[in-house]
Amino acid sequence: MNGKITDIESMGSADGPGVRLVVFMAGCKLRCLYCHNPETWTDKDAKTITAEEILQRFKKYETYYGEHGGVTFSGGEPLLQSEFLLEAIKLLKANGVHVTIDTCGVADGYDEVLDLVDLVILDIKAVERDEYKFITGREFDDFENFLKSCISKNKKLWLRQVIVPGINDDEAHVLKLKKFAKNIPNVERIELLPYHSMGKSKYEKLGIEYRLGDTPNMDKELTKKLEDMLK
Amino acid sequence: MEEIFEKAWRGFHGDSWKEEADLSNFIVRNFTEYKGDDSFLAGPTEKTKAVWSKCEKLLEEENKNGGCLDVETNILSGITAFAPGYIDKENEVIVGLQTDAPLKRIVNMYGGTKIAMKALEAHGYKLNDEVYKHFTTYRKTHNDGVFDAYTPSIRRARSNGLLTGLPDGYGRGRIIGDYRRIALYGIDKLIEFKKKDLNGEFIDEQYIEESIRLREEINEQIRALEAIKQMAASYGFDISKPAQNAREAMQWAYFGYLAGAKENNGAATSMGRNATFYDIYIERDLQEGTLTEEEAQELVDQYVIKLRLIRHLRTPDYDELFAGDPTWVTEAVAGMVNESKSLTTKNSFRFLNTLINLNPSAEPNLTVLWSKGLPMNFKKYCAKISIKTDSIQYEGDDTMRPGYGHDYAIACCVSAMKQGKQMQFFGARCNLAKSLLYAINGGVDEKSGKLVVDGLEKNTEEVLTYDKVRRDYSTMIKKIAKIYVDANNIIHFMHDKYAYEASQMALHDTAVERLMAFGIAGFSCAVDSLSAIRYAKVKPIRNEQGIAVDFEVEGDFPKFGNDDDRVDIIAQELVQEFFNAIDSHKLYRNAKPTLSLLTITSNVMYGQKTGSTPDGRKAGEAFAPGANPMHGRDSSGALASLNSVAKIKYEHCCQDGISNTFSIVPSALGNNEDEQVENLVSIIDGYFAQGAQHINVNVFNRDLLIDAMNNPWKYPNLTIRVSGYAVNFNKLDRAHQEEVIARTFHEKR
Chain G
1 MNGKITDIES MGSADGPGVR LVVFMAGCKL RCLYCHNPET WTDKDAKTIT AEEILQRFKK
61 YETYYGEHGG VTFSGGEPLL QSEFLLEAIK LLKANGVHVT IDTCGVADGY DEVLDLVDLV
121 ILDIKAVERD EYKFITGREF DDFENFLKSC ISKNKKLWLR QVIVPGINDD EAHVLKLKKF
181 AKNIPNVERI ELLPYHSMGK SKYEKLGIEY RLGDTPNMDK ELTKKLEDML K
Chain B
1001 MEEIFEKAWR GFHGDSWKEE ADLSNFIVRN FTEYKGDDSF LAGPTEKTKA VWSKCEKLLE
1061 EENKNGGCLD VETNILSGIT AFAPGYIDKE NEVIVGLQTD APLKRIVNMY GGTKIAMKAL
1121 EAHGYKLNDE VYKHFTTYRK THNDGVFDAY TPSIRRARSN GLLTGLPDGY GRGRIIGDYR
1181 RIALYGIDKL IEFKKKDLNG EFIDEQYIEE SIRLREEINE QIRALEAIKQ MAASYGFDIS
1241 KPAQNAREAM QWAYFGYLAG AKENNGAATS MGRNATFYDI YIERDLQEGT LTEEEAQELV
1301 DQYVIKLRLI RHLRTPDYDE LFAGDPTWVT EAVAGMVNES KSLTTKNSFR FLNTLINLNP
1361 SAEPNLTVLW SKGLPMNFKK YCAKISIKTD SIQYEGDDTM RPGYGHDYAI ACCVSAMKQG
1421 KQMQFFGARC NLAKSLLYAI NGGVDEKSGK LVVDGLEKNT EEVLTYDKVR RDYSTMIKKI
1481 AKIYVDANNI IHFMHDKYAY EASQMALHDT AVERLMAFGI AGFSCAVDSL SAIRYAKVKP
1541 IRNEQGIAVD FEVEGDFPKF GNDDDRVDII AQELVQEFFN AIDSHKLYRN AKPTLSLLTI
1601 TSNVMYGQKT GSTPDGRKAG EAFAPGANPM HGRDSSGALA SLNSVAKIKY EHCCQDGISN
1661 TFSIVPSALG NNEDEQVENL VSIIDGYFAQ GAQHINVNVF NRDLLIDAMN NPWKYPNLTI
1721 RVSGYAVNFN KLDRAHQEEV IARTFHEKR
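Chains as they are written, first to last, in the working numbering: chain G, 1 to 231; chain B, 1001 to 1749.
One or more of the hints may lead you astray.
Stated by the list, open to error - Straight line, CA to CA, 25 Å or less: simulated DMTMM-like cross-link-like pairs of lysine to aspartate or glutamate: (1) B:Lys1118 <-> B:Asp1285; (2) G:Lys148 <-> G:Glu62; (3) G:Lys231 <-> B:Asp1674; (4) B:Lys1384 <-> G:Glu87; (5) G:Lys202 <-> B:Glu1062; (6) B:Lys1049 <-> B:Glu1033; (7) G:Lys156 <-> B:Asp1674; (8) G:Lys60 <-> B:Asp1564; (9) B:Lys1018 <-> B:Asp1038; (10) B:Lys1618 <-> B:Glu1457; (11) B:Lys1384 <-> G:Glu204; (12) G:Lys220 <-> B:Asp1703; (13) G:Lys60 <-> B:Glu1651; (14) B:Lys1458 <-> B:Glu1573; (15) G:Lys29 <-> G:Glu204.
Unchecked claim - On the chain B side, residues computed to face chain G include the following (Cβ under 8 Å): (16) Asp1197; (17) Gln1287; (18) Gly1686.
Stated by the list, open to error - Label-pair distances were calculated between CB atoms; the ranges are: (19) G:His196 <-> B:Gln1576: 44 to 50 Å; (20) B:Asn1701 <-> G:Lys205: 20 to 26 Å; (21) B:Glu1033 <-> G:Ala181: 32 to 38 Å; (22) B:Thr1292 <-> G:Leu91: 45 to 51 Å.
The hints are simulated quantities; they were obtained by calculation from the structure and are not laboratory data. Just so we're clear, the structure is a prediction, and the values are computed from it rather than from any experiment. We treat Cβ as the ideally placed atom computed from N, Cα and C, and that holds for glycine.
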């Protein structure tokens, strides 16, 4: 079967361990205020790809991916195409490839996928229900269920949160995140990603309103300091 | 064994290297591989700081003075011609300058009088009248000889920019003496070896000319060895005997290098592959308690300072070809003995550490011989220093070792040769993009309108057809290869005759193997042009003479640098075809031909001299450097770009090197320093695992270069890799700076 993707990056260095092939899957149920890939919300302009094509693409660059690299399914929300994802991951795993999914956890039918992947990068939009809804436009429950699944399967996790000036860039927020993460076993790292406005021009092109307006970029040094609090 | 050797060789293992100059055996028997990290490294000592701060002032003055601080105008080049010179005598632990003062340049007339005079004039100097009169009255030069023998077709190819940068008016360079021999054996023993050769097996009476020439050359070499000894004595050192410790070993070898830099003005004069050799002495001194780590680093730092001060007097034309006043004092670091044991030593780290202790610098041209098997700690250290300084180039040891063994060095940028056992006849480059235009225009130059290459038919098609153009191109390639070979045979015959590098050749085996290095410029432009003709619709726009002066390109076509086999195969075939065309000719002194995709910075000048091309490039626009894809056309990501270049065959094809300059923005490598280091290691590993040969790594943002171009004072030490060498960005002229900025920067998408 075919998967729907918006892009494929052969030298991903920020989405999982090592250098990786990153597959950006189309479609997402969340509408996060700061999303910098609004083109991935729907599959309107998506391209199709097969599992075999992903494997071939991986093989083309295999020597660069070394011991630690592999394939990351990102998006969009990769788990919305769980049937295709399962097929692709089975094929990759049969070829000994390290597979990561980069997800927000809002999806269904992911049980088998979760069993197979080596690492889950989980984007924690917020740890409190109100704020979660404010940022993503959806209720907290789907995310909570996904997290429970990860915990029950003892999945290796990297947690991530985007830090936006004026929304969650204060110490109190970070401490709450720290407390939340403490109760999750098998967390290998927590990363804070500084908000940037580079996605803004995409909104203009797509004719979608950009709700963060002139919110400035998040200071990288300050983000680093906040991240250090999590240690 | 004489006592002096027993003492010098105390604790060293092995015997075969004692009987004949065999450094490769000596090193393998005696070096200590280091697999640890960089935590042992020491900073600069007070002495080093004192010497370097004086140098920094002098370098600044040199820069203010239009790039040349001073020229010796009363004495001509020669090993013993100059009085000893110092920077800061009491703080220098390694001594020796080309002339009696730092950065004072030498006039070398043996390559050609005209060019030497032009260079003097350009910097506002005038040679002593008497010296000029005597030299020009009594001495014929290399340049005079070449022009006596050049054919009309060579002259036409040369003046129309089809062949450019030929070493017919200055030193050919590229010869790497095995300077380590002086340290290990002392000069007297080397003279003894050479005297044995004088009547030895290499003299074959069957070949009358070659035997006579060889006997003459050996005697020249012996005299040069005596001269090196005398020059060292003027600094108070007796190098007739072998070195007793690390300081002497480095000093002895440096005197050998220095002699070459006093005697010759070759374009590129590498230091060789010495760090691990010196480490053997350093390790022994450390064990004997006569040297500390700080002192070991001090030796390396001060030795490197000396290499940073090497200068040659150049003309503005030369600077245009090779921008930024480079000397290519290339030092090759690390590499492997075999698949499992690396030649990495603590000294491999110390050499790279000079980029921290003394700030980044273009020279010496530090070249890491990369292999899958290098210790991970060393790989990470290299990546860290690369990200910090942009001053290192990498070359694939697993690609080169099968052909060159484990004791080769790199001449200039990418040219491998067995140290002390092979030498190279440097042959500059042929413009293959212009050659394609000649195939279309019947051998008439698209700029001058003159007939340059005979016997070609003008293409009159309204839309160019691939089969016809490709066939005509093959005819042109055969013709230009012949002209190119003739030119190089003449050049090197005359260079041996009138400007023989006696001191450097004295540090080679007498039965030296000779390589003749040919090169290609405009490579990716030619390849994309062929692809455009094949896959798009290319209409020539002809002038009244019927010459295609521009092209209309309709539709898209695959471009080199996107890992697209449709065009990458065209690239592979073109290189192989050109090499085969060269290989079909006989070469001077039975040299073996090699070929490179390396332009240095001449891609800018070659582009200026070439009309519009069928790939859509407009007249005068720069070519990409070396084997690089054309600017901005490698749009499928960094790895696809690397893959395309890695497909070009090295062995028996492009065996003089395939240069790839790679610029990447830091954030595309990872979110933090550790990730960036690890990922850069993976990328370099991955590239060389495919049999690639060379990569220059630059990690910076385009904005930084634009800022540096507009505010040079903010970036006095900004060093970048351009094409086989590093250069101080401020030393490039505007055209070269703009070309570097226009290159593809691989970004995060």
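- Check each numbered hint against the structure and report the violated ones by number, ascending. 1, 2, 4, 5, 6, 9, 11, 16, 17, 21, 22
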